[in-house]
Structure formats: C-alpha cells, structure tokens
Amino acid sequence: MSDVTRSTGTQLVKRGLAEMLKGGVIMDVVDPAQAKIAEDAGAVAVMALERVPSDIRRDGGVARMSDPEMIEGIKEVVTIPVMAKARIGHFAEAQILQALGVDYVDESEVLTPADEAHHIDKWAFDVPFVCGATNLGEALRRISEGACMIRSKGEAGTGNIVEAVRHLRSILGDIRRITQADQAELFDWAKRLQSPLPLVQEIAEIGQLPVPMFCAGGIATPADASLVMQLGAQAVFVGSGIFKSDDPAPRARAIVEAATNFQDPTMLAKISRGLGNAMPGLEIDQLETRLADRGW
Amino acid sequence: MKVGVLALQGAFARHLKVLGGLGAATTEVRAADDLSEVDALVLPGGESTTMSMLLDSSGLHDAVADRITNGMPVLGTCAGMILLARHVADGRPDQRSFAAIDIDVRRNGYGRQVDSFEADLDVTGLEDPFHGVFIRAPVVEWVGDGVEVLATVDGRPVLCRQGAVVVASFHPEMSGDGRIHGRFLDRAFAA
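From first to last, the protein sequence lines are chains A and B. Position 145, counted from 1, in the first sequence is what my numbering calls 145; the numbers after and before it change by one each time, with no gaps. Add 1000 to the 1-based position in the second sequence for my numbering, that's all there is to it.
So here's chain B without its partners, still in its complex pose (with noise of 0.2 Å):
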C-alpha cells in the first residue's frame, strides 16, 4: 500500500514527513505515470491556480479525475481542498477542480495573510483537540446532505468527509500531529 502527495508546488515535503512517521510508504506523484503506483492521494496546500495549471500542463488532471471517479482515497488540505470541491468561488475563470466532493468553497474566504490563525478544534471521532493551522484558508459556504462534517469553526465546516474523500480548510501537516493522517489512512487501507 502506498501513499502519493502530489508534488507540483506547495507544503508536499511536510505531507511526506507526516505520513512517513506513520510507518507508510510514500511516493511525490508529478506525472501520470507516478498516479499508477500509489493507492490513495494527498492533495497538499499551496497555490490552488499554479497547482491547477500544472495539473493540466503535466497530463495528470484527466488521471487524478479517472482514479478518484474509480473510488481512490485522497486527502486535500487548503488548496488541496479548493482542487476537491464541487464548486469554487473568487477562483480563476479557468481553474478546473474534481468535483470529487459535495461542498461549496470560497478561496481565502478567511481573509489574507493578516488574518490567518491558529485554532484548537474539536473533531469528531478524536478525544483531545486537533491544533488546526489556517493560511488564507478557503471558507466551506455549503455542503451537500453526503457529506459529514467533522470539525466546525464558528458553525462553518472546516473538516469533512464524503466516501474516500477528506478536505480540510487547515493545515493539519502544519501542527506536528499525526491523527488526522492517520484517521484517513485507516480508513483508506482499512478495505
């Protein structure tokens, strides 16, 4: 079994660190041919319309679509979660996203750099807080009845999961803990 953390641009390396001090076994996906050998995906943060326009310019969009049409596990957090969503607004005209989940997101929904902020967030499933860490995060405006929501800061979803698909507004690669890594890996592998 084994993890792929799309390695176009952004915090891939800090996705790669977490999941390795699980114990998986990890790979950075840049082309298509590097989506065949990995069984789930993490989409990191960074910049959703760079993220966006290599997806296309390296062939990977059509692939990383297939593969998450075909029941994939992925995780995306941030940017990750902006290139998951149903429906993107304040986006580029011409950024394209999966569509691989039911939830409405508005890029830097949560302000710019001044107003980004650390968090310790219930979620659900977990004992103790989750310390969420939230750089110009994406603001989630609706969700679809599919979709759980497992964590909420001032009643809007900043965690949630439909099927095999997570998305996070925050950066739990960010905070030095492994439990949300984890969680999602469990369930991917748990088949």
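Chain A with its partners taken away, still in its complex shape (with noise of 0.2 Å):
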C-alpha cells in the first residue's frame, strides 16, 4: 500500500535520465566482459548491441536489436543503466526492450531501417528514447515523436570526427540563428526545418534544444571528446572508439576524464599520454554506406 501517489514514465523523469548523464560517457559494449571494463573505467552507461557500428559495416547483412540474453546478461553484470539499439520504426524491438527494463532505447541508424517513413512513436512508451539527428529539423521532428535525448549522428563505426562536427555545427548554428530570429521569421524556420512552430518558438526563447544533446559517431580520442563538448555536445557516446583501440581499458578511462576536464589541454595532454593506436579510421568519401542518411 502506498502512501503516495507516483506517475511513471512522464516527460520529466525520461529526460531527468538525460540530465543525469551529462559530462559523461555512454559506451558501446557487445559482452558483459567489456560492459565491465567500461563501469570500471568510469562510464555512465553502456549501450549494449551485438556488433559495434565499424562491425556492422565491415560484415554487412541487416543489423537487428541485440539478442535479449545478451543484454540481459550485461545487465547482470552492471549496475549503471543500460542503453539498447532498435531499428528505425520498429516499435516491436522497442517494446521488447521494454519489457526487458532497459533505461534508454536508442531508435537508431546503426541499425538497418524497418521503416522508410515512419519513425516510432516514442510517446507511446514509458521508457525514454535517444534519436539521432545531423541538422535541427532532424532534431525537431524526433522531439516531437517523443524523443527525450538528441545524439548528433556523425558517421559511426569510421572513427572520423568530421561527420560529427559537421551535424552539431548545423544543429547549434540554427539554435543561435533561431534566437535571433523575429516573431515572422519563425513562421519560416519551421518550414524550411520540417518541424512543429510550438518547436521552434521554444527553441527561440531558451536558446536551446528542450533535451539535451549529446554527440555520437566518430569519437576515438580524448581530444575528440574535448572538440564536441567545446562545441556544444552535453555528454559523448563511444562506439567503436574503445574496443576496436589497441588497449579499451586506458582509453576508455582516459575519454571519461576528457569528458569532465574538456575545457583544461593541459590536463587533457596528460591523459591522452601513452594509450596506443586509437582505430583505424575510415575516409566519409570513401564509405559504401552512409549510416547517418538513414532516418527521416
């Protein structure tokens, strides 16, 4: 018998998660051997799926949601909240994952799509969702499906930053532009961005998004962390970043003091001393697949 009583899954305790993980580090995990090497080292969260994004593109196929054991069993191993990846429109593997009590779904575009136009309703769901997005439109349209956390897209599984600075440069331009903006102009930023007036209204007075903003695809250092947080990005999501590195432990570690210290180079030259090769990267022009194309 309660004494009080408690509404679950509103807007304010699914984006109060987002806030809780600002200044921190969501790391890619694919076992619960790694998702321990990331809690170790400082994470905040890990985002559990079967093949890291540079996985994903080297073997191809269509990329699913995670095996439920499989998450599962990092949640066992864990006691930060776990994140989990269902495709673009697929509200069955975000139902499921719900029911699995994972904290965050990310409706994302690592994943092969299973919708062409419709992205989930997120409203319809207790458990929040992250979205990607590469320009403010984007951002918008995912807000107002219910989305309570915004990634920048960048290009996952390349470890190039470019792709990244690219989408958080065309999100927080808009924001600034959009603050200065007149009342009639308004009329205007909302339909060249696609995106709800109420939207772009609230945009205009706080100056910006109504979620916060993290940044994904392509960090593979310290200093990148340090770019996108200069930038504007709340918190960095790490995918391939760490485990395809030369030695995870380390640099996830050191990432995660990048995160808190962005603003310092000389901490920041300490703790990007001696970790190795970061991964290879990949050249955008050169890549099959552009995963940060897909979502509408």
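I should point out that these hints are in silico values taken from the structure, not numbers from a laboratory. What you are looking at is a predicted structure, and each value in this text was computed from that prediction instead of being measured. Just so it is clear, CB atoms sit at the ideal spot from N, CA and C, and this is done for glycine as well. A hint or two may mislead.
Have a look at the derived ranges for each label pair, beta carbon to beta carbon [said to hold, decoys possible]:
1) A:Glu116 - B:Ala1099: 49 to 59 Å
2) B:Gly1125 - A:Leu282: 58 to 68 Å
3) B:Arg1187 - A:Ala124: 43 to 53 Å
4) A:Arg64 - B:Asp1186: 53 to 63 Å
5) A:Thr10 - B:Gly1155: 17 to 27 Å
6) A:Gly173 - B:Arg1112: 34 to 44 Å
Only part of the chain A face toward chain B is listed, based on derived beta-carbon distances under 10 Å [stated by the list, open to error]:
7) Asp3
8) Thr5
9) Thr8
10) Gly9
11) Asp103
12) Gln180
13) Ala181
Join the two chains, each given in its own frame, into one complex according to the hints.
See the structure below:
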C-alpha cells in the first residue's frame, strides 16, 4: 500500500535520466566482459549491442536488435544504466527492450531501418528514447515524436570525427540563428526545418534544445571528446572507438576524464599520453554506406 | 558567501540555476583549488560510480572529506546522497563515500528507469507539498538516531538532515521549486 501517488513514464523522469548522464561517456559494449571494463573505466551508461558499428559496416547484412539474453547478461554485471538499440520504426523491438527493463532505447540508424517513412511513436512508451539527428529539423521531428535525448549522428564506425562536427555545428548554428529571428521569421524557420512551430518558438525562447543533446559517431580520442563538448555537446557516446583500439581500458578511462576536463588543455595533454593506437579510421568519401542518411 | 556545486559529472548545471535564482553566489567545483573558495557544497545527481572515480583522480575526495569533517554544509541529491551516506549497498567495491550522514542506502533501490517516478511529498517545515522527481533513485534502508527525517515515501526516508548535511533521494533541482535549496542556504549561512 502506497502513501503517495506515483506517476511513472513522465517526460520529466524520461528527460531527467538524460540530465543525469550529462558530462559523461556512454560506451558501446558487445558482451558482459566489455560492459565491466566500461563500468570500471567510469562510463555513465553502456549501450548493449551485438556488433560495434565498425563491424556492422565490415560484415554488412541486416543489423537488428540484440539478443535479449545478451542484454540481460550485461544488465546482470553492471550497476550503471543499460541502453539498447532498436531499428528505426521497429516499435516491436522497442516494446521488447522496454519489457527487458533497459533504461534507454536508442532508435538507431546504425541498425538497418525497419520503416522507410515512420519513426517509432515514442510517446507510447514508459522507457525514454534517444534518437540521432544530422540537423535541427531532424532533431525537432524526433522530439515531436517523443524523443527525450538527441545525439548528433556523426558517422558511426569510422573513427572519423568530421561528420559529428558537421552535424553539431549545423544543429547548434541554427539554434543560434533562431534566437536572433523575429516572430515572423519563426514561421519560415518551422517551414524550412519541417518541424512543429511550437518547438521552433520554444528554441527561440530558451536558446537550446528542450532535451539534452549528446554527440555520437566517430569519437576515438580524448581530444575528440573535448572538441565536441567545447562545440556544445553535453555528453558523448563512444562506439567502436574504445573496443577497436589497441588498449581499451586506459582509452576508456582517458575519454571519461576528457569529458570532465574538456576545457583544460593541460589536463587533456596529461590524459592523452601513452594510450597506444586509436582505432583505424575511415575516410568518409570512401564509405559504401552512409549510416547518417538513414532516418527522415 | 559562496556555494560550490561539484561539477565532475551529472546535473550540476540545474543546481547552479536553482541556486543562482535564489540569489546565491555560485561556482563549479572540479579541482581542490576550486573548493577553497566555497562556504557550502552541493553534490548533484548523476552516476555515483563515475563521480566517485573522478573524485579520486582529481584529488578532490580528500579535500571534500576534510571540509565536511570541519563542518562545511553539504547538500547531496540522489547520487550526491549516495556519496554522503555511511554505507552503500549494491555499489561498486571500490566506490568510496564520505560517510557524512548516518544513513545506509541501496543504489537504484527504487528500481530501473521504467520505475522512475514523480510524487508530491509532505516535507516537515514546508507548508505546501514538494514535487519530488525520483530517477533510478537510492532507497534509504536505515537511519541513525541523530538523523532527522524530513520526508518519506511509503514509510521510507527520502529527505534527511544531520547537522549541516542534507540529503535527498530525489532531485529538487529538477522540479522548478527552490524551497529545499532555499532552506539549505538559510541554515548554512544562518550562523
């Protein structure tokens, strides 16, 4: 018998968990052993998936939600939040992830999309969602569908930060421009961004997205984390960048330190020493598949 | 009089905003040097295992422990409560707490994210209910004799005070209501 009325699955608690992850590093892991390394290194959360993006890129084929047994195995060994990915538009995968008790669902372009027109109706869930975006219009459409956290997409699995920077600059640059716009111009912004007017008006007023904005796709070094956080990202997702490097544990730890000390070059110089080789990177114009193009 | 907010990771910006709105002078605390200029400290919500590790690597752990021993007022919310508790269950073995308040807590004791909730709380000394936001919140499983329990959920303490230390299982920085921060400041700077 409860002496208070509890409301669960509200926007405040869903966005609230994203608030708690700010200034942190969320790491892709493919098994319990990696999850443990991530937690030991100070990750604020882990993203459970079957293959890291660089392997998905290499192997090809359809990439789907992970095996529930693998997700449960990871939940058992760590005490930090566990996230997992569902395909774009695949609400049945998302329902399964919610039933498994994952803490955040990533409706992710890294997996093969299941619907070419519709993203998941995220308002229908108690579990919060994070979605990728390459520009402000995409971010606002995801928020209008109920996303509680936005991550700039970057280009996953490349170890190349250039796309993440492009997307962050696009989103944050447009936000700055909108704060300078007059009322009449906001209608035009909504039209051009293909986004709901009330969200555009909210951005004009508060000068930022109404949900936390993190960065993903291409972060491989402590300096990369510092770069995107100085540009305005509030936390970072690191996918292939850790477990495809020579020595994952110290690199994971160094990126965690970098997310806290991103404004301190002297500290960053100390943190970045002796980490071994970063993951091998890929040139964007030589990619067969641009994951960031998935999503609408 | 200046209030520091531990800014290693988590929802520290929210606390700075609430404190600033109450007219307090504030600063972010990331290193031991920052600590010397503050008269009170807020430990925010976030991931307690991450914060614990960063407290060690930044050299802040011992500096904060020393100031708490010497009576510096501290407010800890959620992860901050965990960091201030005497004993932490379901934590990591290497996770260190300041043992600043005589309570035992269990991490994520209210469950996972799908169990996170909002609820109106009756708080001792506040006229109207306070809207509490609980996110993967810690449960207080035991309180010592010297601890004053200021609010409960289903009989479990969620807001406690002992001397200059105030802890909450929930996030007063998330509900747009400055009364708990206000009372903390009033008591901290009353002397």
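Taking the hints in turn, this is what the structure says about them:
1. A:Glu116 - B:Ala1099: 49 to 59 Å: holds, 56 Å
2. B:Gly1125 - A:Leu282: 58 to 68 Å: holds, 60 Å
3. B:Arg1187 - A:Ala124: 43 to 53 Å: Holds, since B:Arg1187 and A:Ala124 (Cβ atoms, about 44 Å apart) stay within the stated range.
4. A:Arg64 - B:Asp1186: 53 to 63 Å: holds, 55 Å
5. A:Thr10 - B:Gly1155: 17 to 27 Å: For A:Thr10 and B:Gly1155 the Cβ distance comes to about 23 Å; the hint holds.
6. A:Gly173 - B:Arg1112: 34 to 44 Å: 37 Å Cβ-Cβ, so the 34 to 44 Å window holds.
7. Asp3: holds, 6 Å
8. Thr5: holds, 6 Å
9. Thr8: OK, holds: A:Thr8 within 10 Å of chain B, min 5 Å.
10. Gly9: Cβ of A:Gly9 sits 7 Å from chain B, so the hint holds.
11. Asp103: holds, 4 Å
12. Gln180: violated, 23 Å
13. Ala181: violated, 25 Å
Checked against the numbered hints listed earlier, the structure breaks hints 12, 13; every other hint is satisfied.
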